[in-house]
Every structure is written in structure tokens, then in C-alpha cells.
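Sequences and hints are given; from them, build the entire structure.
Protein sequence lines correspond, in order, to chains A and B.
Just so we're aligned: the first sequence equals residues 0 to 373 in numbering that gives the first Met the number 0.
Just so we're aligned: the second sequence equals residues 0 to 633 in numbering that gives the first Met the number 0.
Treat each hint with caution, since some may be false.
Listed next, the stretches of chain B that the computed footprint assigns to chain A, with coverage defined by at least 3 CB atoms under 8 Å from CB atoms of chain A [unchecked claim]: (1) 38 to 49; (2) 219 to 228; (3) 313 to 320.
Note that these hints are calculated values from the structure, not bench results.
Think of the CB as a built atom: it goes at the ideal place given N, C-alpha and C, for glycine as much as any other residue.
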Amino acid sequence: MYQHTRLNSDQNFFQKIKNLDFILLFCIIILSTLSFFIMYSTDGGEFLYHTKSHLIKLIVFFILMLVISFFNIKFWHLCSYFLYGSIILLLIWVSLYGVKVSGSQRWINLYFLVLQPSELMKIGIILCLAKYYHRVSIEKVNSFYSISVSLTIILIPIIFVLSQPDLGTSILIVTSGVIIMWLGGVKIKYFFLSFVAFLISLPFIITYLEPYQKLRILTFLNPDRDPLGAGYQIIQSKIAIGSGGFSGKGFLKGTQSYLEFLPEKHTDFIFTLFSEEFGFIGSIGLLLLYAIIILRVIQIGAISKNSFARLFCFGFAFAIFIYITVNLSMVLGLLPIVGSPLPIMSYGGSSMLATMIGFGIVMSAKVHSQQTIA
Amino acid sequence: MIKGNFGIRKSDIINRRMFIIGTAKLIIFGGLIARLFSLQINDNKKYLTLSDKNRIREWKLPPTRGNITDYFGNIIAGNLKVYQLHIIPEQVENFNYLLSRLKVILNLSSKKIEKIKKKRKQLKPWESLIVSENLSWDEFSKINNYLYELVGVKPVMTISRDYPFNDIYTHVLGYVSQPDKDDILSNKMIQEKFVPGIKIGKLGLEKTLENDLIGVNDIQRYEVNAYGKRINHLEYQKGKPGSKIRITLDTEVQKLSAELLAGKAGSISVMDIYTGEVIAMYSSPSYNPNSFVFGISQDEWQLIRNNPLKPLINKTLSGLYSPGSTIKPIVALSALENGIIDTKFKVHCKGKMELYGQTFHCWKERGHGFMRLKNAMKQSCDTYFYEVARKLGVDRLKITADKFGLGKKVLGEYFENEKAGQFPDTKWKINNLGKGWVLGETLITGIGQGYIQTTPIQLCLMTAQIANGGYKIKPKILTDDNQLTSEQVKKAMQDSKLNDSYDPLYDDQKNIKIIQEAMFSSTNELRGTSYRSRIDDPKYQFAGKTGTAQVKAISKRERELDLKTFQIPYEERDHALYVAFGPYKNPRYAVSIIVEHGGSGSSAAAPIATELFKLIVDRHEYRKKLPDYKEFNI
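Shown next as C-alpha cells:
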């Protein structure tokens with residue numbers, strides 16, 4: 000039954016380059032360029048630390064993405080479990096020796112990069128589950144055994160990430176995992192039942208939340224409750240976006256940002272600055288760019304000959320979509336503030352690394368779209 | 000085959016489910032765009048305003064206070080350039096070092112240094128800390144020399160209130176100083192314009208006209224960051240200086256009044272008898288209002304406060320005195336109007352009279368003999384007025400006194416500290432003292448003693464209304480654009496067809512004439528009480544009535560001793576009063592003079608009138624040249 004897996008495909012280097020998806024590549028380059036200029040704006044129009052560091056990461060991780068795309072998709076299928084396992088090990092490492100910042104222990108200091116393994120897990124979970132559902136035959140998908148296994152795959156990293164504590168990332172990991180299960184063919188009724196169960200248990204969950212997490216929810220429900228304290232971020236964010244208007248205040252002219260009214264403008268609130276400076280038109284443009292990227296990733300998944308690539312692409316497209324939705328809903332005041340970066344745009348190495356790896360594997364799926372995996 | 004089928008089925012499921020998710024994605028993106036639209040397009044204005052509110056902060060500067068001028072346009076309360084020293088704490092590197100440098104350069108006391116340190120704690124780091132409000136030019140240039148090493152120090156040139164005539168106008172204008180909590184709470188205008196360093200009126204016209212004088216702040220708009228630090232200067236919005244106010248007083252007359260009362264406690268008021276304009280209003284002693292502008296020193300304050308001549312009291316408006324014999328014109332007028340007496344009514348003065356077991360003394364121990372109205376006024380015979388008052392009764396007397404403005408505030412709307420005084424009657428005594436009126440009290444009221452209390456400005460108004468032929472006038476201290484000139488008012492009063500708009504205070508104008516003549520004789524005929532103070536030149540000639548108000552009852556023993564004024568302790572000496580109007584042939588002005596504890600009216604108060612009238616009549620020529628207020632622009 001078991002076939003020998005050939006990792007090197009029959010394409011040569013130039014054929015691979017030819018097979019790269021240039022639409023996706025072009026969109027990623029535009030997004031990266033935009034993110035560079037926005038980072039430049041957060042530094043007050045000067046080429047300072049954040050801009051420099053962001054640029055270096057962009058270049059390094061972009062190259063990494065290309066490198067990943069030249070590896071056969073089969074290879075990624077092969078080492079999916081291994082990668083998942085490695086990230087779990089990193090999470091364990093973090094819980095033991097991680098760097099603690101303002102009460103959260105999420106990081107490993109690698110000196111050239113402060114790595115946040117939970118960000119990598121966002122990709123790891125998709126890889127792992129994509130492989131699992133690729134291998135499980137259609138009859139066994141809804142068996143107790145296979146559902147238990149996939150739930151365990153989701154739960155193990157969640158335990159570590161929640162204990163960091165990092166609610167935002169946990170939710171994103173769970174969502175990505177659950178969506179692969181959905182795509183893999185798990186019955187709709189199970190999703191419906193677990194959703195009901197979730198609603199019933201919600202009050203109990205809330206009692207287990209950290210005080211700061213409860214505060215965030217309360218603040219979300221009524222930001223004016225404490226305008227200088229917990230509600231400050233969301234109020235200032237709405238002011239910045241709202242004051243941008245149709246065409247924005249102009250590049251480097253976002254007053255909310257350069258007068259430092261905006262909190263965390265480099266990271267989670269980067270869209271706020273973008274929207275303040277480029278207005279409604281700019282924001283629509285950015286959303287459109289993301290939409291094209293997502294669509295393209297889905298298309299790549301659709302033309303893939305193997306279920307692993309298909310599941311990964313669809314799952315990754317959905318993950319990107321979820322990141323964008325959560326981040327935008329947060330800065331637009333539609334969701335409570337949970338730490339969630341905007342892919343590529345936000346400052347932060349781990350998030351960008353994870354996203355670029357994701358794009359790399361998608362690209363590899365495109366290059367090797369004719370590849371079948373037993 | 001089977002395997003392939005499964006493969007196809009699997010990808011079918013994946014694709015179908017992907018399609019569902021794709022639709023959901025579209026809807027969610029649509030929702031995000033809708034939210035963006037509502038924030039950025041619908042509520043754009045709202046958020047733009049909020050964003051500006053965030054980033055723009057206004058710094059108000061003290062407004063320029065309006066000038067106050069006298070009738071002739073001389074500035075009597077103006078603004079002077081002053082040099083100040085400010086520190087911006089956030090720019091200072093080492094605060095203690097800076098203070099020690101300033102201490103040496105400016106010779107500051109350690110106490111002052113402590114004060115500055117305290118003040119710094121109350122301010123936000125970007126607010127300027129005023130170290131010295133009024134630097135001399137020497138100090139200012141010294142600071143400028145050392146400026147390179149004094150980081151965070153800002154020499155500032157600004158303006159501040161200045162009273163060029165020092166103490167001449169203090170009781171009219173009041174003074175300005177730093178507002179305290181009550182000032183800010185009680186006046187919305189001050190609340191609105193308040194900035195550290197603003198000066199507001201504390202007393203007098205400066206206080207009552209605060210809202211006109213205060214002006215509009217200059218505003219500096221800065222862009223600030225989230226921590227309140229100034230980033231950019233956006234604009235400078237020029238404010239508006241406060242309104243100019245021109246009062247009716249004449250600085251020359253005011254100055255002379257101050258000279259005439261130098262070293263004495265007392266008051267001089269001068270009023271135009273037709274327009275009611277106050278020409279002079281001086282309360283002596285006065286004090287320098289400039290001392291209050293930057294906060295008065297404790298020593299100086301104690302000196303003013305403890306002065307036995309009480310400079311803080313505005314005697315013209317809030318000094319309450321028994322009018323003494325200056326009330327006699329009103330008593331006589333009331334008796335004439337009520338038909339109690341006529342000019343031929345005769346009383347025999349024996350120096351004292353006995354009534355109900357009490358002895359009532361005339362000031363002249365030997366008595367005046369037989370007295371008719373004119374002579375009684377001329378020599379101020381008390382016995383005559385005892386008898387007139389007895390026949391008239393206090394209630395009828397009060398009606399006349401009320402008409403002429405006694406017991407009522409004269410300039411009350413402008414001066415918070417003015418007192419109304421009182422003119423008693425039987426009802427008043429029952430209501431206020433709970434006792435019935437005693438006839439003896441009517442008698443002493445008839446010579447202006449007892450419960451009766453008047454302010455110098457009331458006596459001035461009373462005299463003015465007698466002098467103008469008995470018409471009610473409205474005293475004023477501010478010039479106003481649509482006002483008639485003295486000449487126009489006079490004409491209107493004297494023309495029977497035009498005088499409807501002036502309320503007559505008499506029943507028969509002949510009676511007013513009789514009183515005027517009696518007052519004339521008192522000053523200009525031999526044996527008149529103020530005969531020695533007369534001026535024969537008809538241009539300056541005036542008519543008046545002296546008054547000597549007892550401060551305490553004279554005991555029998557003291558009467559026997561017949562002490563001279565200088566032999567009595569200061570606080571027990573009589574107040575000297577004098578009311579007059581002139582020039583007699585064509586009256587223009589009324590004056591009232593009071594010298595506290597000055598002795599008799601004829602010796603202490605009347606001679607002052609002589610000097611006054613000489614100037615007032617001369618000044619009238621100048622005043623006449625500015626008849627039309629509209630043509631006259633300061």
C-alpha cells in the first residue's frame with residue numbers, strides 16, 4: 000500500500016520559476032511595499048528602528064517564501080506532523096523558559112528575532128490537520144476516533160497558548176483547526192451541536208477569564224465607560240479612522256498617529272493609521288488586495304490535484320480571512336480587543352514569518368499543482 | 000477505481016464547503032466595508048471634530064483691560080508695559096540649579112524660592128510658572144544677559160493695570176488684583192476668561208464694570224501630542240481689549256479735593272445740579288491702588304489697615320454721618336411746603352428750651368433772640384428749628400427728606416459698598432427699635448442729630464436738587480452718548496412747557512427760592528455761619544449751609560467747660576460739614592464737604608468750599624467746550 004515518495008519532482012528550476020503564481024506574488028509584493036510605507040509613517044516619517052527592522056524581515060521572509068515554494072508539496076506533506084510537533088516543543092519551551100512581557104510569557108528570544116511560537120502554530124495546525132484529513136478516508140471522517148484525534152491535535156497547542164495567556168491567538172488557532180475539520184467533511188450537525196454547547200457553557204467560560212480579559216469585553220460593550228482607561232484604545236482608533244474620511248488625511252499626515260494618540264500603532268492598530276491617512280478609498284483598496292490574495296489562494300487550492308494542498312490552501316485562505324476580519328473588527332469597534340495582527344502589515348516577526356511560510360507552501364502547491372500524494 | 004472515486008468525492012466535499020465559506024466571507028467583508036463607510040463617510044464630521052479636539056489645545060492669554068478716562072479723556076486707569084519672568088518647567092533640566100542661579104541674579108529671598116517650588120507642584124509641566132510679575136528694567140536686562148545659561152526661563156513683556164494718578168481715584172475706581180475662588184465662581188465672564196496671571200476688579204468701578212472692561216483673551220492654538228506637549232504653533236487669534244469707559248469726574252477737581260483734605264479724614268463730593276454728573280468724589284485718606292495689582296506686601300497692607308483715619312472706607316458713599324445743621328434747609332422746606340410756617344414765623348431763642356423735662360440747647364449759649372426763617376438759617380439757630388420740627392412732626396419731615404434722596408443709595412448700581420443711611424420716622428422706630436417715638440427725638444432730628452444718618456453723596460444730591468429749583472435728577476458717574484448737556488437740562492427745567500420730563504420735588508417753587516435765599520445769606524451776609532468763607536466775586540459766589548455733627552452727647556460738665564476743638568480727644572471731636580451750591584447767580588454745581596472730627600462746619604468745612612468753587616467754576620469753562628458727547632471721541 001505504502002508508495003515510495005519522490006520528493007524531487009520532474010520539473011527543473013526554471014520550470015518551477017515559470018510555474019510560480021505571479022498574481023499572488025505581485026499582490027504580496029504590493030502588500031509588502033504598502034506595509035513598508037505605513038511602517039515608515041508610524042515612525043513619524045523617518046527611517047527609524049521599526050521601519051528598518053520591518054524592511055529586513057520583509058526581505059528575508061520573502062526570500063524564505065520563495066525557497067519554500069521550490070520544495071515539492073509532497074515534502075511539506077511529509078514533514079507536516081514533524082513541524083507541528085516541533086512547534087509544540089517550542090510552546091513547551093516557552094512555557095518553561097519564555098520571555099515574560101507585561102504578564103504574558105509568549106516569546107523566545109533568538110537575538111536576531113523574538114519568536115512567538117503561538118503565531119507559528121497558526122500555520123502548524125493547518126498543516127497538521129490538512130495532512131490528517133488528507134489521509135483519513137471519507138467513511139472514517141465522522142468516526143469517533145478520527146474526530147477525537149483531530150480535536151486532540153487542536154487542544155494540545157491551545158492548552159499551552161491559553162496558559163501564556165493569549166486568548167486572541169488561541170481563538171485564531173481553534174478557528175483555523177475547526178475550519179479544516181469542516182472542509183475535511185465532518186458532519187454539519189456536530190458543528191451545530193458544539194456551537195450550542197459553546198453558547199451554554201459561555202457563562203462558565205467567562206468566569207474563568209482573566210480580569211483584564213473581562214475588562215476588554217466590558218469595554219467593548221461600552222467603550223465610553225472609561226474613556227481614558229480601558230476604552231481609550233478603541234475610542235482613539237475610531238476617531239482616527241472616522242476622521243480619515245473619504246480620501247484620508249494624506250501620507251504622513253495622520254495626526255492621531257504622529258501625535259501619539261493611537262496606541263500600538265505599529266502592531267494591532269496598523270490598519271487604523273492606514274485608514275486615517277488613506278481614507279475610505281484606501282481602506283477599500285487594501286481590503287480588495289487582501290480579497291484578491293485570498294481568492295487566488297483558494298484558486299490555487301482548487302487546481303491542486305491532491306487533497307492535502309487543497310485543504311491547506313483553503314484552510315490558509317480562511318485563516319488569513321479570519322485574521323483580517325478579527326483585526327479590522329477590533330479596530331473598527333465591532334469586536335473586543337484581542338491581540339491579533341493584520342497579516343504582513345503589522346509589525347512583528349513571528350506573525351510575518353508564519354504568513355510567509357503559509358504563502359510559501361501555497362506557492363509550492365501551485366508550482367507542484369499536478370503532484371498527487373497517495 | 001474505488002480509491003479514485005473516494006478522491007473525487009473528497010474534493011467535491013471540500014469544494015462545496017469552500018463555496019459556503021466563500022459566501023460567508025463575502026458577507027463579512029461587506030459588513031466590514033459598511034462599518035468603514037459609516038465611520039469614515041457618515042460620521043466623518045463627528046470624528047474629525049473629535050480628532051481636532053484631541054490634537055488642538057488653546058492657550059488663552061490675559062485679555063487687555065479697557066481704559067478708564069476722566070471726563071476730559073485723561074487716562075485714569077490704563078495699561079502699562081511690564082516685564083515678567085516665566086519658567087516653563089518641562090524645559091528646565093535642573094530646577095534647583097536654575098532657582099539658585101535666579102536667586103543670585105534677582106536677589107530673591109529664600110521664602111520666595113520656597114513659594115516658587117510650591118507653585119511648581121500645582122502646575123502642569125507645560126504651564127508657565129510666573130516667577131516675577133513685575134521686573135524692573137534693570138532686572139529684565141540682567142536676565143536677558145544670562146539667558147543662554149538659564150534654559151527654560153522665558154522673559155515676557157506683557158501689560159498690566161496702571162493707575163497714573165495713584166491714590167486720587169482709588170475710591171471711585173477701586174483696583175484690580177488676582178481673582179480668588181469667590182471672584183471666579185460668582186462671575187461667569189471671569190470664569191470664561193480666566194487664565195493664570197489675569198487681573199480682575201476687586202472694588203469700585205473696576206469691579207462693577209468688570210464685564211465691560213475685561214476684554215477678550217488672545218488665543219494661541221497649538222497642536223499637542225497625546226501627552227500634552229506642544230508640537231506646532233497653529234495660529235494666534237487676537238482678542239479684543241475691553242471697552243473704554245469714560246467717567247464724569249474731573250481730575251483737576253479730584254486732585255484739589257485730595258489736596259484740601261490732605262492729612263484729614265473726610266470726603267468731598269461735587270455734582271452737576273442739572274445733569275447729576277458727579278464731578279468729584281474723593282474720600283480721604285486714600286491709598287495707592289497700584290500696590291494691589293501685583294499683590295500688596297504684608298507690611299504695606301497693615302499700614303493701610305491700621306491707619307486710624309481709615310483709608311479703606313469710602314467715606315463719600317459708605318460713611319454714615321449725622322447731617323447736623325446741613326439738614327436745616329430740608330426741615331425749613333418741609334415746614335414751608337406743609338404750611339406750618341411762613342417766612343414771618345418767629346421764634347424766641349434764649350440759648351436753650353425746656354420741653355417735657357428735657358433741656359434742648361442752641362449752639363449759641365446766650366441765644367439768638369427773636370428769629371425768623373432767614374435769620375435762623377443764616378445763624379443756624381437750633382431753637383428755631385426745634386420749634387419748627389416740633390410743629391412739623393417727623394413723619395411729614397421724612398416725606399420731604401425722602402423726595403430729596405435721603406435714606407436712599409445714590410450710586411448704588413455702581414458701588415457695592417454704598418450705604419443707604421436712614422431717615423427715621425415713627426413707624427421706623429416701632430419697626431426697628433420696638434419703641435414708640437418720643438417728641439424729643441423729633442426736635443433733635445430737626446437739627447440733624449439722633450437717628451438720622453446720611454452719606455456725603457446724599458447731602459450733595461440734596462443740595463443739588465435744591466439748587467436746580469427743586470427738580471429730581473439722576474446722579475451719574477459714567478458719561479453716556481445720548482445725554483443732554485447741562486445747558487439743555489437747565490433750559491428744559493426752567494421752561495414750563497418742557498419740564499414735564501423732570502419730576503418737581505416741591506409743591507410751590509417759591510419755597511425752594513426762599514431756601515436758596517436763606518442759604519445765600521448764611522454764606523454771604525454778616526453773621527452768617529460761613530460768612531468768613533464767602534467769595535464776593537459774583538462769578539464764584541456760592542450759597543451754603545454749615546453743619547456740625549456731634550459724635551457723642553455733650554455732658555453738662557463739658558458744656559460748662561466749653562472746650563476748644565483741639566482740647567478734645569480726636570475721636571470725640573465734632574464732624575464738620577458743609578453743603579453749598581454755586582455760582583449763586585447761575586447755579587451749576589453742588590458740593591458737600593465733610594471733615595471727620597474737624598470741629599465746627601464753619602471753621603473746618605466751609606473754607607474748603609471757597610477753594611473748591613474757585614476751581615470748579617473755572618473748570619466749567621472747559622467742560623462747556625465739550626458739550627456734545629458724540630463729537631467727543633477719546
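Hints, verified against the model:
| no. | hint | verdict |
| --- | --- | --- |
| 1 | 38 to 49 | holds (count 9) |
| 2 | 219 to 228 | holds (count 5) |
| 3 | 313 to 320 | violated (count 0) |
The structure fails to meet hint 3 from the earlier list, while all remaining hints are met.
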